[in-house]
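Chain residues, written in single-letter form:
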Amino acid sequence: MITVDIEKQLKGYGGQQVLKIAREFPTGSITKIYGPSGAGKTTFLKIIAGLTDPEKGKIVAGGSTWLETRAKISLSPQRRKTGFVFQNYALFPNMTVQRHLEYATNDQQWIERLLKTGKLDTLRTHEPTYLSGGQQQRLAILRALAIKPKLLLMDEPFSALDPEMRAELIGELKPMWKEFGMTVLIVSHDQRELDGITDDELMISTP
Amino acid sequence: MDLTPIWLTLKLAGITTLVLLLIGLPLAYWLSKGRSFIKIILEAIITMPLVLPPSVLGFYLLMAFSPQHGIGGWLQKAFNVQLVFSFPGLVLASVIYSMPFMIGPIKSALQQLPVSLAQASYTLGKSEKQTFIHVLLPNIRASVLTAAILTFAHTLGEFGVVLMIGGNIPGVTRVASIAVYDSVENMDYHSANAYSLTLFCITFVMVVSVFVFNKYKAKSPLE
Numbered sequence: 028m029i030t031v032d033i034e035k036q037l038k039g040y041g042g043q044q045v046l047k048i049a050r051e052f053p054t055g056s057i058t059k060i061y062g063p064s065g066a067g068k069t070t071f072l073k074i075i076a077g078l079t080d081p082e083k084g085k086i087v088a089g090g091s092t093w094l095e096t097r098a099k100i101s102l103s104p105q106r107r108k109t110g111f112v113f114q115n116y117a118l119f120p121n122m123t124v125q126r127h128l129e130y131a132t133n134d135q136q137w138i139e140r141l142l143k144t145g146k147l148d149t150l151r152t153h154e155p156t157y158l159s160g161g162q163q164q165r166l167a168i169l170r171a172l173a174i175k176p177k178l179l180l181m182d183e184p185f186s187a188l189d190p191e192m193r194a195e196l197i198g199e200l201k202p203m204w205k206e207f208g209m210t211v212l213i214v215s216h217d218q219r220e221l222d223g224i225t226d227d228e229l230m231i232s233t234p
Numbered sequence: 274m275d276l277t278p279i280w281l282t283l284k285l286a287g288i289t290t291l292v293l294l295l296i297g298l299p300l301a302y303w304l305s306k307g308r309s310f311i312k313i314i315l316e317a318i319i320t321m322p323l324v325l326p327p328s329v330l331g332f333y334l335l336m337a338f339s340p341q342h343g344i345g346g347w348l349q350k351a352f353n354v355q356l357v358f359s360f361p362g363l364v365l366a367s368v369i370y371s372m373p374f375m376i377g378p379i380k381s382a383l384q385q386l387p388v389s390l391a392q393a394s395y396t397l398g399k400s401e402k403q404t405f406i407h408v409l410l411p412n413i414r415a416s417v418l419t420a421a422i423l424t425f426a427h428t429l430g431e432f433g434v435v436l437m438i439g440g441n442i443p444g445v446t447r448v449a450s451i452a453v454y455d456s457v458e459n460m461d462y463h464s465a466n467a468y469s470l471t472l473f474c475i476t477f478v479m480v481v482s483v484f485v486f487n488k489y490k491a492k493s494p495l496e
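Quick mapping for you: the protein sequence lines, in order, are chains A and B. Okay, so the first sequence: first residue is 28 according to the working numbering, each after it adds one. Okay, so the second sequence: first residue is 274 according to the working numbering, each after it adds one.
Looking at chain B on its own, in the form it has when it is part of the complex:
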């Protein structure tokens, strides 16, 4: 079995999770604070990948980042960057596709914290940033871990989006889920089984971890 698709999948999931942690924490914090029309629309857009067929999302990303059109054309001309059929393109698609799995649990955990925690910190003279880092974030640790694991596991299982925007280029965009499909197409059931079993084991461990962390969270004094 060629291990390259497995490593590529793990690399993609790792980078996607990291990027989403960096984007997701401040975004979830902002969304958790009050309601406004802009927030409702933005939250709906973030949630769309949960209900939209992955091929639809992949198609629009392909259209948007194709070197012949709009943003893709501009990126190609201005920076000589091509996102379709490349690893960075896969990362971008995965970030958009897995965003609800990172934002949802973090936003929900922040909303469940008593408002008085942040208020107590403000009366001590602490800024919003200090309060977020020292008070809010440590108290939603379990949810952040859950969100990160879910994001990682969800990225491992991507198929439609990555196929549309990345295609099937060995060593570049041929991730494990595509390798399974490709092996079956070529009647190589042995390789298909090996890739499938590896993905199954990794995602099983991930899901078990989520249950373990959730149990830990349920014991938190805030519950």
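The shape of chain A in the complex, shown without the other chains:
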């Protein structure tokens, strides 16, 4: 179970806004996060991952306190070790497909399985520049999965995939999430994109 209760000031187009979310995410659940642009969807994921801190709040994951602003506790992203799929992929231009996964894990069997899942096994020696948008996005997903995270945070992870590839990839990923008991939070701008995949949803909008 992951319990989040946070409050953060956002500098938006229309001036200062407050991102305020109090929510529980049961272990193994898949939650869709949606809302208008600039409402703080990405910021919310980054707060959970420890990449940015809120002004006020508390995050408890699996009995461990990740964040408690009153007690000035904030675990580093390295200690939270969430799987994070960035909206801009954040791939490392100097690393090949295989090297991306080797940077994250030493488990070669797991790397092979991931490469097959993402249909990137024939492109393992390619650097991101030589991959298409969809291939880059799949690599970003595989890299996040490589550390077998308990919590997977995905920011618009399927936006560059065609509907067929998206359905196929999700079909492969869902059993994997179940197998490792991952709790998954997926940000999507398209409310219908994840229909039938998620168990729950969270609408983020600022007042």
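Simulated from the structure, these hints should not be mistaken for laboratory data.
DMTMM-like cross-link-like pairs, simulated, lysine to aspartate or glutamate; straight-line CA separation at most 20 Å: (1) A/Lys146 x A/Asp189; (2) B/Lys399 x A/Asp134; (3) A/Lys146 x A/Glu195; (4) A/Lys47 x A/Asp80; (5) B/Lys402 x A/Glu129; (6) A/Lys38 x A/Asp80; (7) A/Lys205 x A/Asp227; (8) A/Lys205 x A/Glu51; (9) B/Lys399 x A/Glu129; (10) B/Lys306 x A/Asp80; (11) A/Lys201 x A/Glu228; (12) A/Lys205 x A/Glu195; (13) A/Lys108 x B/Glu401; (14) A/Lys143 x A/Glu206; (15) A/Lys175 x A/Glu139.
Starting from the known structure of chain A, fit chain B onto it as the hints suggest.
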């Protein structure tokens, strides 16, 4: 032509570049991360040699490291080290004088990298040091090379600072730029021309290399 000043210049430029790479990489990384009053002041001090007359910098270094004064006096008493009119003194002066050429391009390149690169590495459990070595540094290779070449070339062309702190001791502090000046003073235009032409050719190759590397950098997927 006595080749000693040329070798001495190359040795000075090589050691200065190496020392500045070791100091410059961590310093540029630290400066690239956020702003604070201390960072602004330190950056201004690092940038000063770009705008300050070299003779002014050389004068203050001479005063600071003279065995009769402050730090120089302490170094002399405690370690029996004399920096003025010695090769180590030239290295120290060159490191200070060329520092902006090493720090500037590296800091700027680090700031241009998307923040998410380092963040992605942190979420994979990697430390700041691992992230710097495996992710950030390989992606600013071209800028580090440019900075190293510029530092090397700039050190080759030093005159005011090295003359003030090193003087003109053959085989010890008489670098090529001083040899040119000395030859002209002695009306030996043939030697002056030989030293000048050598310096011109070396620096020309260096500047061409910078343009080549910059072109390579422009093709980087991060641009």
